[in-house]
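**Q** Listed here are the chains, written in short residue letters.
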Amino acid sequence: MTIEILMPALSPTMEEGTLSKWLVNEGDSISSGDLIAEIETDKATMEVEAVDDGKIGQLLVAEGTEGVKVNTPIALLVDTNELPHATIKNIADKPYLEKEKIPSKPSNDKPISIEANSSLITVREALRNAMAEEMRADKSVFVMGEEVAEYQGAYKVTQGLLDEFGGKRVYDTPITEHGFAGIGIGAAFGNLKPIVEFMTFNFAMQAMDQIINSAAKTLYMSGGQMGCPIVFRGPNGAASRVAAQHSQCYASWYAHCPGLKVVSPWSSKDAKGLLKSAIRDPDPVIFLENEVMYGQSFSCPDDDNFTLPIGKANIEKEGNDVTIIAFSIMVGKSLEAAEILKDKNINAEVVNLRTLRPLDVDTIIESVKKTNRVVTCEEGFPFSGIGAEISALITEKAFDWLDAPVVRVTGKDVPMPYAANLEKLALPQVDDIVSASAQVCYED
Amino acid sequence: MKKNMAKKILTEPKMNYDLNLLQNMYKKMLLIRRFEEKAGQLYGMGQIGGFCHLYIGQEAVVVGIQSAQIDGDSVVTSYRDHGHMLACDMDPKGVMAELTGRKDGYSKGKGGSMHMFSREKGFFGGHGIVAAQVPIGAGLAFSHKYNRNKNVSITYFGDGAANQGQVYESYNIASLWNLPVVFVIENNKYGMGTSVNRSSAGENLSDRGKPYGIMSEIVDGMDILAVREAAVRAIDYCRSGKGPYILEMKTYRYRGHSMSDPAKYRTRDEVDKIRKTSDPIENIKSLLSKMGVEDETLKDIDTEIKSVIAEAAKFAQGSPEPSEDELFTDITIN
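Those sequence lines, one after another, are chains A and B. Residue numbers for the first sequence follow the numbering used here, beginning at 1 and rising by one. Residue numbers for the second sequence follow the numbering used here, beginning at 1 and rising by one.
Don't read these hints as lab results, they were simulated from the structure. Be aware that a few hints might be false.
[To be verified] Below are the DSS-like pairs computed for lysine-lysine, each with C-alpha atoms no more than 27 angstroms apart in a straight line: (1) A:Lys139 x B:Lys189; (2) B:Lys27 x A:Lys168; (3) B:Lys210 x B:Lys150; (4) A:Lys424 x A:Lys369; (5) A:Lys21 x A:Lys69; (6) B:Lys242 x B:Lys276; (7) B:Lys103 x B:Lys189; (8) B:Lys276 x A:Lys139; (9) B:Lys121 x A:Lys139; (10) B:Lys285 x B:Lys27; (11) A:Lys344 x A:Lys369; (12) B:Lys27 x B:Lys38; (13) B:Lys285 x B:Lys150; (14) A:Lys168 x B:Lys242.
[Unchecked claim] Derived CB-CB ranges, DEER-like: (15) A:Gln429 x B:Ile333: 38 to 44 angstroms; (16) A:Ala244 x B:Ile333: 33 to 39 angstroms; (17) A:Asn421 x B:Pro211: 23 to 29 angstroms.
No residue lacks a Cβ here, since even glycine has one placed at the ideal position from N, Cα and C.
Excised from the complex, chain A in its bound form (with noise of 0.2 angstroms):
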């Protein structure tokens, strides 16, 4: 008999892996247990161990071979009586994969466009060069938090930082997310630019209390004289079937506190030159990345000196029907709705907010000014989110200019669900910015 060994998904968000070793040849007897390939993700490289018994028959895929889908066959193991050479012949049918580059999949269906003076990057290599240059241009700034050195990151985003700046500037901290906090607040007191690595801003509820308490209102409980200079980062929001405690955004529980800055990154450039400029920047900021962005590729300056501003959005399209307004992933989800409401004779404008404390209501007034109708988008509760904010500043600011009541698509109010099917009812998807924006049309 013969058993398909197929490639494993290793990390909830894995679609696609790295075979990048083999650790056995062809006719090689394995036992249940035995390790048999050495697997990259975009996490990390995993040792794959043999779950049955038998002789490898064929290696399906070679060495080397990027861009390997979850549950393709790598590996046929066949029963340790049968002769190998028979069966290669019996499955000789299968093709074997020859080893080639399967370019990552673009952040949307258009082609991307490489800028001037720029690389194709992933969101993950933005975010390590950030801190990578900052790290070289200031010997103040380190970097700590919950496997950030030695195991190169839990989402590889800090990989390669020990090897090149050391120990005393890259530290593992205990799974202890209040203490570190604290810790890290209290070298930012003593002069330090300390970047403290959330394994995801779930986990930073429990540190909360410093946050908000001590670094977010020292400096004006001491009438300016506490400043605390640190970047609090890491992934926020829903990954890939992680269920209620590890899935929720933050955002509006960061940008309600007024002493803190709040940006959330879309993109490779923006993820660089954002986090650039908050470790630069001598307030305590909050730092929302997306894990389900850290893989996808954009176009990013190579310059060891772009920033870009904290406090200003962009216009990621221009358009007159409706104004979309979105941060991080619902970022390239705008996109695609956008490219979805042409075809209904809608022409909408979106604005990446990229920072939600201090907000950009410049740019977004602009925006309604010349649109008149309005969607934004968050993956978070509707309750007292980012969106009801932005209504209530139009309502304040430009309700002689609106045509029709703002819309919120938001993440539904309800706990994140594990099932696939809950999940992706609990998600704001495309077609609900689709449907939402030919509401405000009046289209629908």
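Knowing the structure of chain A, use the given hints to seat chain B on it.
**A** Positioned in the frame of chain A, the structure of chain B alone reads:
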């Protein structure tokens, strides 16, 4: 937790105690005592609002420890912070003006009793959330180590804070990373109205450093010489790069947790007894007499301090309230 406070005898001074040092410590303790008495009085007059936590009875702790510090060491504590600020040589006028919520206060009147800071004097607050200052103190120690500047962080917290989780997260990291931090537990026997016996499992709070491999000792916090000697040991240890150190100071606050505390959880008798037998200021005063300091000199010190406090109070009452423009300043730097 049993501590016999009845037989209180000040540690016999060793020959090398400089009379000047002892006299200065006496002065500082007296300054704190008189300052706090005045603050209590102004609170009663409605000049100070909100919460106001007085340090009366605990003066030997902060003054003894401060006497072992050098320039550049950082100090961080809870909301019972007036004594620490005065010990750091912050100006009593600026502290009192902050208590009265005036523009010349250390935080321009925007922090109040619990939230005051002076970077210049190495005082990093003044924190209103129980035990929030503990990881911050470890972080200040981290910055000293990172900058290799040989300074240490003195991180004060009370017996109540000693049950908060972040204290142990800080112990763990401070020990793992060998941070130069002296954790000073000011055990005044009550976390607000709950006695240590009713809130804290185990024998001694200082024992809780042991599983983390942190050196610790219990010190009679009413005896300033014992405090100073322990502080010298602890600070030398940290400064030499050996890692953190815990000092559990057995002390006592005479006043309530805050000004609005009716103090029904202990008897008047208990407080009086300690005042009579263990008062840290009376102790050092009689030591100074024994060492030949004239009554006249002690009286002069008293007079001088009273005038400093009177001036501070006058200044704090005379300083204007912050301008309304200050409402929107200092939220972020840029």
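**Q** Decide, hint by hint, whether the structure agrees.
**A** Structure-based check of each hint:
1. Restraint check for Lys139 (chain A) and Lys189 (chain B): the C-alpha separation of about 44 angstroms exceeds 27 angstroms, so the hint is violated.
2. Taken as a hint, the Lys27 (chain B) and Lys168 (chain A) pair is broken in the structure, with Cα atoms around 43 angstroms apart against an allowance of 27 angstroms.
3. For a cut-off of 27 angstroms, the pair hint linking Lys210 (chain B) to Lys150 (chain B) stands: about 25 angstroms separates their Cα positions.
4. At most 27 angstroms may separate the alpha-carbon atoms for a hinted pair to count; Lys424 (chain A) and Lys369 (chain A) exceed this at roughly 34 angstroms.
5. Distance restraint check for Lys21 (chain A) and Lys69 (chain A): the Cα-Cα separation of roughly 16 angstroms lies within the 27 angstroms cut-off, and the hinted pair is therefore satisfied.
6. Between Lys242 (chain B) and Lys276 (chain B) the alpha-carbon distance is near 40 angstroms, which puts this suggested pair outside the 27 angstroms criterion.
7. For the hint pairing Lys103 (chain B) with Lys189 (chain B), the CA-to-CA distance comes to about 36 angstroms; that exceeds 27 angstroms, so the pair is violated.
8. Proposed proximity of Lys276 (chain B) and Lys139 (chain A) is contradicted: the alpha carbons are some 55 angstroms apart, above 27 angstroms.
9. With a CA separation close to 25 angstroms, the supplied pair Lys121 (chain B) and Lys139 (chain A) stays within the 27 angstroms bound.
10. With a CA separation close to 10 angstroms, the supplied pair Lys285 (chain B) and Lys27 (chain B) stays within the 27 angstroms bound.
11. With a C-alpha separation of about 22 angstroms, the suggested pairing of Lys344 (chain A) with Lys369 (chain A) holds against the 27 angstroms cut-off.
12. Restraint check for Lys27 (chain B) and Lys38 (chain B): the C-alpha separation of about 16 angstroms stays at or below 27 angstroms, so the hint holds.
13. At most 27 angstroms may separate the alpha-carbon atoms for a hinted pair to count; Lys285 (chain B) and Lys150 (chain B) exceed this at roughly 34 angstroms.
14. Distance hint between Lys168 (chain A) and Lys242 (chain B) is fulfilled; the C-alpha atoms sit about 17 angstroms from each other, no more than 27 angstroms.
15. At about 40 angstroms, the CB distance of Gln429 (chain A) to Ile333 (chain B) agrees with the hint of 38 to 44 angstroms.
16. Ala244 (chain A) and Ile333 (chain B) have their C-beta atoms about 37 angstroms apart, which keeps the hinted 33 to 39 angstroms range intact.
17. Under the hint 23 to 29 angstroms, the C-beta atoms of Asn421 (chain A) and Pro211 (chain B), about 48 angstroms apart, miss the expected range.
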